[in-house]
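Below are the chains, spelled out letter by letter.
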Amino acid sequence: MDEEPERAKRWEGGYERTWEILKEDESGSLKATVENILFKAKRKRVFEPHGQVRLGMMRHLYVVVDTSRTMEDQDLKPNRLTSTLKLLEYFVEEYFDQNPISQMGIITTKNKRAEKLTDLAGNPKKHIADLKKAKDTTCVGEPSLYNSLSLAMQTLRHMPGHASREVLVIFSSLTTCDPANIYELIKSLKALKIRVSVIGLSAEVRVCTVLTRETGGTYHVILDESHYKELLQYHVKPHPASSSSECSLIRMGFPQHTIASTCDQDSKPSFSMAHLDSSGSGPSLTLGGYYCPQCRAKYTELPVECKVCGLTLVSAPHLARSFHHLFPLDPFTETPLQDYQGEKFCQGCQGELKDQNVYMCTSCQCVFCVECDLFIHESLHCCPSCIHSQPNPPGI
Amino acid sequence: CRLNIDGLLVYFPYDYIYPEQYSYMLELKRTLDAKGHGALEMPSGTGKTVSLLSLIVAYQRAFPLEVTKLIYCSRTVPEIEKVVEELRRLIDFYEKETGERSSFLALALSSRKNLCVHPEVSSLRFGKEVDGKCHSLTASYIRAQRHSDSSVQTCRFYEEFDALGRQVPLPAGIYNLDDLKSFGRRRGWCPYYLARYSILHANVVVYSYHYLLDPKIADLVSKELAKKSVVVFDEAHNIDNVCIDSMSVNITRRTLDRTQSNIETLQNTIQRIKDTDASRLQEEYRRLVEGLKEANVARETDVYLSNPVLPDEILQEAVPGSIRSAEHFVGFLKRLLEYLKSRLRVQHVVQESPPQFLKDAFEKVCIDRKPLRFCAERLRSLLRTLEIADIADFSAVTLISNFATLVSTYSKGFTIIIEPFEDRTPSIANPILHFSCMDSSIAIKPVFERFQTVIITSGTLSPLDIYPKILDFRPVTMASFTMTLARACLCPLIVGRGNDQVAISSKFETREDIAVIRNYGNLLLEMSSVVPDGIVAFFTSYQYMENIVASWYEQGILENIQRNKLIFIETQDAAETSMALEKYQEACENGRGAILLSVARGKVSEGIDFVHHFGRAVIMFGVPYVYTQSRLLKARLEYLRDQFQIRENDFLTFDAMRHAAQCVGRVIRGKTDYGLMIFADKRYARADKRGKLPRWIQEHITDSSLNLTIDETVQLSKHFLRDMAQPFKEDQLGLSLLTLDQLQSEEMLKKIAQIAHQI
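Line order of the protein sequences matches chains L and R.
The opening residue of the first sequence carries number 3 in the working numbering; numbering runs sequentially from there.
The opening residue of the second sequence carries number 0 in the working numbering; numbering runs sequentially from there.
It is worth saying that the hints were derived from the structure and are not from the lab.
Small disclaimer: the values here were computed from a predicted structure and weren't measured.
All the given hints hold, so there is nothing to weed out.
For the chain R half of the interface with chain L, some residues (derived, Cβ under 10 Å), not all of them: (1) 528; (2) 532; (3) 533; (4) 563; (5) 589; (6) 592; (7) 612; (8) 613; (9) 716; (10) 720; (11) 722; (12) 724; (13) 726.
Only pairs whose alpha carbons sit at most 30 Å apart, straight line, appear in this in silico DSS-like list of lysine-lysine: (14) R/582 to L/189; (15) R/717 to L/79; (16) L/134 to R/717; (17) R/227 to R/215; (18) R/506 to R/688; (19) R/717 to L/231; (20) R/369 to R/333.
The beta carbon of each residue, even a glycine, is placed where N, CA and C say it ideally should be.
Produce the complete structure using the sequences and hints provided.
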C-alpha cells in the first residue's frame, strides 16, 4: 500500500500529457499504464525507423467489416456499426490521400457469410458512397473470418507481385463461424504473402493473434473511439514491403489536363470514360479533362486505370505525395526538459515547453513540443526550421 | 547470473530474475540454515521451481556435509519431467559458468509403467499389470528356478542390471524418465531398478508424493534415503488429503470375496509345499521366533525411514505364537475374514472407534489385539516364503492385513464407519467398511522426523497457519509471497447480486431458488458475450451442476449461451472428460470460443492449467464447501476440534477457500497471462472468506470489486479485457523483472523485503 501515493503522482503526470480525456475509472493506476502505453504507441509511430526501407507504395487493401450481431453493441456511440462506418469514411479519404496509386475494396461479413460491398478500386468516392449506404444494414448472426478472408484472397491473389496485398479486418465479434479449418487458410494466406491486420472492437481473440502473427500483420484492440481512430490511422501509411516481393517497372501515364477553350469551335463536350458504367449520374458531359497519352481516352479524375488500354494514369503531384514515404524526416531526439539548456519555447507553435520531454531536430538542433513533433512527422514531413534556415529548399 | 543470497553464491540460469524469486530464495536459505521445516506460498508462474532448485543446489555445493540430497516430490508425471528439465538447464548453466564437468547426479523416478523397457511388459496398459508381470519375471525365486530350468522366463534387463548395474554407479548427469529408458536400453539394464538403486547416491531425486507418504511404497523405495536431505513437497495444498488417503482403507464385499480366494490359494500352496519341501516352512518359523530384531536394529541406528504401518513396539517383540505357523496364520486370516463379512451384513450405519472394534472382534471370534498387529508383517513373510510370483493378485489380502495392523495399532486418529448403502442410492445394498484416517499427521510424521528440512510449497497455501496445525509440525519459516506485476493482469470480481438485486449464493437454503439459478445463468450468458475464447466455470459439486444445467436448459438460457460459445461438461468419467477437454481447447484455438463446466475438487480443478486463451475467465459458482453430511467428514471435524483445537467452521471454510483459490488460480499461469476471476457468491465478500484467499489474489480485490451486480461485472470485465489486449511491451524490466544490477540497488532490496509476508 505504500506505493499508492507514488502511483497517483505518476497517474496525474500521465494525465496532463494526454490530449484526449479518457473516461474516468476507479483504478487509476491501471489507466496510467494504459495511457503510458498509448502515448508511447503514438510516439512509436513517429519513431518507426523507415529509413531506407522499401515501402509497399502500391497497395491493394481489402477492408473486412464485421456486421454481425455484436456490432449493435452500444459501447461506441451511437453503436459500433455507425461509429465504424463513419471512421471508415474518414479512413478511406486519408488512405487515398496518402496512397494515391493504391486500391481498396470493402467486404462485409454477417450471418456466417461474406459479401463484397465494393470491388477493389481506386476511387474513394465510390467507397464512401457505399459506406454511407451501408449504415442501414441490419446486424445479424455471426461473422465468418474464413469466408471473408477467402473472398479477399480470391481477388488479391491475382494482383501483381510488386504491389502489396493487404487485408484489414475490423472484428467486433468474439467468435467466428468457419466452414473449414482456418489454420489451413492462414497457411495459404502466408504463402500468397497477404498481410492481414486486425482491429478488434471488444477483446483479444486467439485466432486473430495467430492470424496476424503468421501473416505479418498487426493486431490491436480498441480502448475507445479516439483510440479506434488512431488505430485506423496507423493503417493509412504503407508498411515496409517484404524483401521477397518482386520488383518491376510499371508503365505509367502522366496525362495533362487540357481545357478546351469555349471559343474553340472544334471543342465538343464529351463523356469521361470513368462514367461510362455508372448509370448516368452526375455531369457526364464535360469539355476538358485528362487524356490518356496512349489511347486518348478522356478522364475527369486521376488517379485511374485507363479503361481502354489499362495504363495507370497519375499526375506528378500524386507521386510526389507518395514520395515522402520513401524519404521520411528523421525522428527527433527525445530529451528530458530539465536536461535541455536552451530557451524553453517550441519552435513550432512558440508555446512554452511544459512537458517532461522536448524533441530536437537532428539537423538544425531546434526543439519542439510533442504536439508539434507529431504534426511535423505526420503532416508536414519536413522540419520547418530546416526549411527556414535554408534559402533554397532541396527538392521536396 | 550469479546472485548473492545472504552470503551464499547462487547460480541462477536466467539473465533476469523476478523480485519474488529473490525473496523466496532468501526465505529458503533461512530455513536451510536453521535446519527446520518451512511452508512457503508463491503464486504459480513466478518461477518457483527454478528458485527452489537453484538455491538448494547452491547450498548443496557450498555445504556438502550439511545437505546431501534434495528430494523433490511432485504430483504428476508431466510435473516431474518439467522439474527435471529445469534442473538440467541449471546444471548446464553451472558447467558453462565454471567450465568444469560437474559430478552431479539427478534423476526422476516413476512407476514401472513409465520406466519399463521390456518389450512385452511395457506394452501393457495398466500400471498394476506392469507391476505384476515385472514381478513374475524378476522375483528372486523365479530367478533361482531358472538356474535349474532354463525354460523359466526372466527379464534380461533385470538380469543384466543385477549382474553389473550395482558395481558401477550411474554416471553423473541429469536423467529424466526418457533418459533413463534410453540409458537402460543402451546398456541393457532395467531402468526402473537402476533408478531405484541410484536414488541412494543421487544428489537430486524427483518423484511422486506417494514414494514418501504412502507407507507401502515408502518402505520399498525411500527407506534408506539419507537423513541430511531436503524434502520439497510442491503443489502441496492438498497434502493433508494425500496423507489421509494413504492411511485409509475401504473394504467392500468385492474386497472380501477376493480375499477369500486369496486365502484359498494360500492354503493350497501351503499344503503343496508341506508335501514337497517342509523345511522351508520350518525355516520361516524359526525366523519368526527370532522376531523382527533386524528391523529394530536398523531403526535404532537410524538407517531407515520409519514406517507408520510398522509401529515401534512390534519390532521389539517376536511374532506371537498363535500365528507363527503358516497354517495357523491362514486359519487366523479366515476367522478375521468371516468376522469382517459378518460386520458388513449390517442394516444401519455403524460408527465406532478402533478399540470398540477390537473389543467386538475379541468377543465374537476371539481375535486378540496382538496377533492382529503383526498381521501385515506376517503376511509379507508368508508370501515371501511361499514364493508367490504375482503379488498383484494378493492385493486384497494385503489390504485386509494392513487394515488389521492399523486398526490394532492406532487407537486414536482413526474411525471405523460401516455403511450398508450409499447415501444417494439407499435402495441398493452396497456395504462399505471405511477405516478412515482422521489425522493427516500420522502419515507424514516419519518424514518430518527423519529429514532435517521439509519444505511445503504451493501457489495456494492460504491460510498458512492451518497447515502446521493439521500436519502437526513446527515450521521455522512461513511466508506468503505476492506477485509483482507490470500490469494488473488478474482481475478478481465478487458478484453478489443479480440485476434484479436478488442475492446470489450457493448456500443450502437458496440453492434451489429459481431466482438464484436464473441469475447464475444470466451471469454466464453475459460473460460468454464479452470474454473471448475460453471460459471455465466451476460448480460446487456434480449434483449441483446437474441440477443447475437442467434448469438452465428448461429456461432456455443454455440455448442463448450456445449462440456465443460451445459448452463442454466435465463428468466423473475420466475418458469422457479428457475428450471434452480436448475439444474445448480446439474450440478456443480456432476462434469458436467455448465454456467448460466443471467441478471444484474434480480432475480439471486440480491438474489442468488454462493458460492464455484457454482460460480468459474463470467463474466460481458458489463456495465449494465439502459435502458436510458425510460421516467421514463429521468424524474428522470432531477429531480436529478435539485434538488440534480447530473449529469445524474454520476448517470447512479453509477447505472451501483453498479449493476456490485452486480453481481460480488455474487461469493465471505466468506474468504475461491475464484473466478474470469471478467469484459468484455473496459470501465471498465477507472478510472471513476473503481473508483466506492467497495474498496475491487478495491484494487485487478492492472495495469496488465487492458485491457487484451482473451488469457491473460485465462493464468491469469489458474494460479489463480491452486494457489487457493492448500490446504488452517489455516494460516489466526493472519493475517485475530485474537484472543483476537492478537487484543490487538499495531501493529494490527494500521493496523485495515487502514481498514476503511473514506469518
